[in-house]
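Enquirer: Input sequences plus hints: build the corresponding full structure.
Spelled out, the chains give:
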Amino acid sequence: MAEYKLDCFGEACPLPLVKTQKKMETMNVGDVIVVEIDHSCAMKNIPDWARAAGHNVDIEEINDGEWEVIIEKTK
Amino acid sequence: MKISNHPLYKTIIKDAWSYTTGAVLLALLNISMFAVGGSPWGITTAFSNWGSWVFRSLGGEPEKWAFYAANKGNFNALMETSFFTNTQSLQNIGIIFGALLATLFASQFKVKKIKSWRQVLAAVLGGLLMGYGARLSFGCNIGAFFSGIGSFSLHGWVFGIFLLLGAWIGSKLLVRFFMT
Amino acid sequence: MESKKRPARKRRNQVPIALGLLLLIIIAGIMLAGVNSMLAIYWIFGISFGIVLQKSRFCFTASLRDPVLTGSTTLTRAVLIAFMVATVGFGAIQFKALLSGVAGVPGNIFPVGLHTAIGAIMFGIGMVIAGGCASGTLMRVGEGFMQQWIAIVFFVVGSVWAARDFGWWSVNVIMPTSISDGVTKGFHLPTAFGWGFAFFGQLIILAAIFLFADWYEKKKLNKVPLEN
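Chains as they are written, first to last, in the working numbering: chain A, 1 to 75; chain B, 1 to 180; chain C, 1 to 228.
Hints in this document: simulated from the structure, not taken from any laboratory. Take the hints with a grain of salt, since some may be wrong.
[As the list claims (entries may be wrong)] In silico SDA-like pairs for lysine to any residue, Cα to Cα no more than 20 Å straight-line:
(1) A:K73 - A:M27
(2) B:K113 - B:V124
(3) C:K219 - B:W168
(4) C:K96 - B:S32
(5) B:K113 - A:F9
(6) C:K219 - A:R51
(7) A:K23 - B:F177
(8) B:K10 - A:H55
(9) B:K110 - C:K185
(10) A:K23 - A:H55
(11) C:K96 - B:K115
(12) C:K185 - B:A69
(13) B:K115 - B:F178
(14) A:K5 - A:V34
Note that the structure is predicted; figures quoted are calculated from it, not measured.
Expert: The structure is reproduced here in structure tokens:
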């Protein structure tokens, strides 16, 4: 049950999402990834993709215009 | 009850709207603009004018270029020479301020710093390609794609098909060269 | 999850700044209206477009990029909805102009030819690399994206560069390859194929692409792991 962190501050779409997908492919079921973003569009498209792919997702606004998307790999 | 906890504040001002809401509102705004102003939404013609105004103030003569000399509308816009008397320029500045306003009301404004030289290179190349491409095809994703297809113009459809092809090539390049 | 237990950082409330900006926007609007009401109208249109683009995170770039990159077509379908609504509204405006006997069809109808394809491919590559199209770049400039601050400067440079070369393109590419004649005359589908056929045909094609996009996403996302 490892936890990974992905720093995507300052990056525009689609890089945060592509990096998240790449990282998740290397993770085991049950592992958690915390993606740090400050791009308001990634705040929508990363959770949308993760939910559609069936993973557990949580979003937290950690600062003005900064979010953490927390994804637990389920399959 | 604090305003920031009010459910209406949360749904309308704090949270993101659905893409479909955005789609319908953008289409209605575009239709309204067409009805009120006589021509539909466009963005990039003003960008050419901004550059040409600067070029002119440096002693260049853009009015001799066919783009301006052969097109009365473009020529008149060039002669307006200022952000504050040109409708499309004001509209573009308005888009920037509208987005800023919405971000501030949601308390989500943050200056997103540049992390690597790759991002700078991507912005320079991407910007140049978009600017040049939009002039060749008579419009951008708004003027040629959205408003072009809306206007039942064949160029809008052709633009859309090759835009998809360009996006596919761009995606390959992005993942290959611009991912840190 | 450990990350959730970390105390939240101190956050500022940006609403007072927003109210100040709103006041400035209104004052600017009143001043513009004093010069010419059209200026104020376009100012308000711009503000409204900016708000809608930002709030809905609408992104034309993603609508064309995500199907090939991630398999998602959520935005593609939203764009198609926008096109369908615009088709109905624009059709009504054009048809009304036709009935009133105005010469020429209003709207963005421009020549189509090799230049359209070249320009679109350049634009498509550019928008994906820069992380935003024309509307998206402006919206992200307002959101505080420094990368887009650079992109817009070079967007302007590219635009003026092409405006300088436009004469060459007109003579060598646009006029020889356009299926419509001249540099300013375009190909209007209803004029060529009739109103009923073009209007309903366009709506049906847009709807068909919508259904295809929906099917495509389901097919792509059911494949796990993703192939990127």
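Enquirer: Each of the hints needs a verdict: does it hold here or not?
Expert: Right, here's what the structure says about each hint:
| no. | hint | result |
| --- | --- | --- |
| 1 | A:K73 - A:M27 | 8 Å, holds |
| 2 | B:K113 - B:V124 | 16 Å, holds |
| 3 | C:K219 - B:W168 | 19 Å, holds |
| 4 | C:K96 - B:S32 | 14 Å, holds |
| 5 | B:K113 - A:F9 | 8 Å, holds |
| 6 | C:K219 - A:R51 | 16 Å, holds |
| 7 | A:K23 - B:F177 | 18 Å, holds |
| 8 | B:K10 - A:H55 | 25 Å, violated |
| 9 | B:K110 - C:K185 | 45 Å, violated |
| 10 | A:K23 - A:H55 | 14 Å, holds |
| 11 | C:K96 - B:K115 | 52 Å, violated |
| 12 | C:K185 - B:A69 | 17 Å, holds |
| 13 | B:K115 - B:F178 | 12 Å, holds |
| 14 | A:K5 - A:V34 | 5 Å, holds |
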